[in-house]
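Undergrad: Sequence:
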Amino acid sequence: MKVFNTRHTNLYSKYYREFKRYLRTGRMKSLHLLLRYERQLQRLGVAATLSGAILATSPEAKSQSFQVETLVNTYTTNSQRFPNIAIDADGDFVVVWESTSQDGYSYGVYGQRYNRDGSPAGNEFQVNTYTDQNQRSIGVAMDSDGDFVVVWHSYAQDGSGYGVYGQRYNKDGTTADSEFRVNTETGFSQRDPRVAMDSDGNFVVVWASYQDGYDGGVYGQRYNSDGTIAGSEFQINSYTTLGQSDPSIAMNEDGNFVVVWASYQDGDGTGVYGQRYNSDGTAAGGEFLVNTYTTDGQSAPSVAMDSDGNFVIAWQSQDQDGEETGIYGQRYSSDGTKEGNEFQINTFTSFYQYEPSVAMDTDGDFVVVWTSGYYSGPYQDGDGYGVYGQRYNKDGTTAGGEFQINTYTTSYQFGAYVEMDVDGDFIVVWQSYEQDGYGYGVYGQAYNRDGTTLPVELLSFKGHSLGESVKLEWHTASEVNNRGFEVERSTDGKSWKAIGFVAGNGTTLEAQNYTFLDEQPAAGINYYRLQQVDFDGAFEYSEIVVVNFELGGVKDELMVYPNPTNGTFQVQLPQANARLQLYNAQGSLVKSFIAADKNFTINIADLASGIYLLKAQTGEQVWMQRVVVE
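For the sequence shown, this note's numbering puts the final residue at 630, and the numbers step up evenly by one.
Hints were generated in silico from the structure; no laboratory data involved. A quick note: this is a predicted structure, and the numbers were derived from the prediction, not measured. Hints may contain errors.
Subject to a maximum C-alpha distance of 30 Å in a straight line, what follows is the list of computed BS3-like cross-link-like pairs (lysine-lysine) [what the hints assert, rightly or not]:
#1 Lys494 with Lys615
#2 Lys462 with Lys497
#3 Lys462 with Lys494
#4 Lys494 with Lys338
#5 Lys494 with Lys471
#6 Lys471 with Lys338
#7 Lys497 with Lys598
#8 Lys494 with Lys591
#9 Lys338 with Lys462
#10 Lys598 with Lys615
With these hints in hand, go ahead and build the complete structure from the sequences.
TA: Okay, here's the thing in structure tokens:
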């Protein structure tokens, strides 16, 4: 749980690290990442340039409707099922799904775009132009700028069974061209497509096809960013005896990709196999077996890749955990060598855990989600099927424990799919039965990289002298399960005393404003913080606000806390809209800011230890304060 949005700080740290790497290596990949991070910083209200210097900070957090379990589909008649999701570098995303009878026939493909704050970008839209028969089994991918492509299989449209079709979109949601057929071979059926896209918009579609002379094979087609075909349709599996099906694909920013699928070739039931590719479509090494445990069946693979080409594969395995099916994984380095051993992902093992989906951020941290349950109990979430997840650090260690994703637990929630942005924040979508009043509906939930759902998102927290009192003001963008705020005061910044409680608004997506009047502030410096408390007793602290109180108002001086410091420090200014400049001991300017408020936070984690001089200026008034960085 967090009450302060630190996304800009984490993102700038990535920006700074990549800037130093670019100076050292000059590699174009670093330059592409820098440009991407710049766009994200600008969206967050932080101006940055390739000089590596921040020019203005302290953005406000944005509201996020997906911080609570959220209904995605607008049309709720009949069923909307089997969602998929894609996210761009800025955190904007699109959700797609199949809908029953909405287009006048059986199944159609629909979507909804969202801004990074979780607010809808436009209305629900239909993807497929051809509406006869069934269009379903949907894949979607998005480039760093927000352009995206949706693929699906369509019955009898190409003249023989199922065929694979696609539609490209610009980032504003307008179509980039017409609906197009992907498969060249039209005999038999081509179905269950998936798609991946690099940062420039080049993409690869993979699917299962009954065209290799046996029970099925896995095929692919590469595309340029303008939608033109790059090369010919190609077969991915080398082993063609019996059946290969259920493909999944992942791609990094440079266009290198890996495809995984299920195949009857490891000696006992199905096994999981993979093939790596270079960005030009040439195979990198040979077809490889993923699962170490080969007894019974291993199937339903999902794969994700980081910016360096390292990847992780998750799948379901029959009877391996002593019950019906469990979820397992294997990490790989970019050259295709295994990292560590095959590992079990699910902690709860009763009955079925199946159909995993995995997502990975640019640094290699990843998350796996799956369905858990059985039609007759015992139920992990109390009733039917539920959706669960597990986060991992890039070294394969678990980050926290297994967690339940769906809040609504009546009947069935399953078919989960997860996608992660470059910072590690992630969104899970799934289908839920009768939650929207009809059959199945599509729901989603956003998470921070640490697995929290931001029960309270604090936009601002300020304090100022008001006569013989101190007035505190704070604003929230959204709240989940919020009992309220314990207001605490300190005179030394170490020992805290509760001085009042302000009730919260439970769960709301509306912005809320709060005030508290401290009628007995101590003379001199007062430190204030908020303890946000949930109804379940969980709590989190806000950042600290410093008010220098003297009868008649705030003292006219520049204050810095803590000082000495080693990470961040707060500045209380005599006036708002001040220019702040930080100089090192040699007199060189190392940081410069414009502080819109009297209270301002400065991050100096990237500075060397030593003595610095902070200068604040508004008009002709100038204040100075020494800052010691440990």
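Undergrad: None of the hints should be skipped; say for each whether it holds.
TA: Taking the hints in turn, this is what the structure says about them:
{"no.": "1", "hint": "Lys494 with Lys615", "result": "holds (27 Å)"}
{"no.": "2", "hint": "Lys462 with Lys497", "result": "holds (18 Å)"}
{"no.": "3", "hint": "Lys462 with Lys494", "result": "holds (19 Å)"}
{"no.": "4", "hint": "Lys494 with Lys338", "result": "violated (48 Å)"}
{"no.": "5", "hint": "Lys494 with Lys471", "result": "holds (21 Å)"}
{"no.": "6", "hint": "Lys471 with Lys338", "result": "violated (58 Å)"}
{"no.": "7", "hint": "Lys497 with Lys598", "result": "holds (24 Å)"}
{"no.": "8", "hint": "Lys494 with Lys591", "result": "holds (28 Å)"}
{"no.": "9", "hint": "Lys338 with Lys462", "result": "violated (51 Å)"}
{"no.": "10", "hint": "Lys598 with Lys615", "result": "holds (14 Å)"}
The structure does not agree with the numbered hints 4, 6 and 9 stated previously, though it agrees with the rest.
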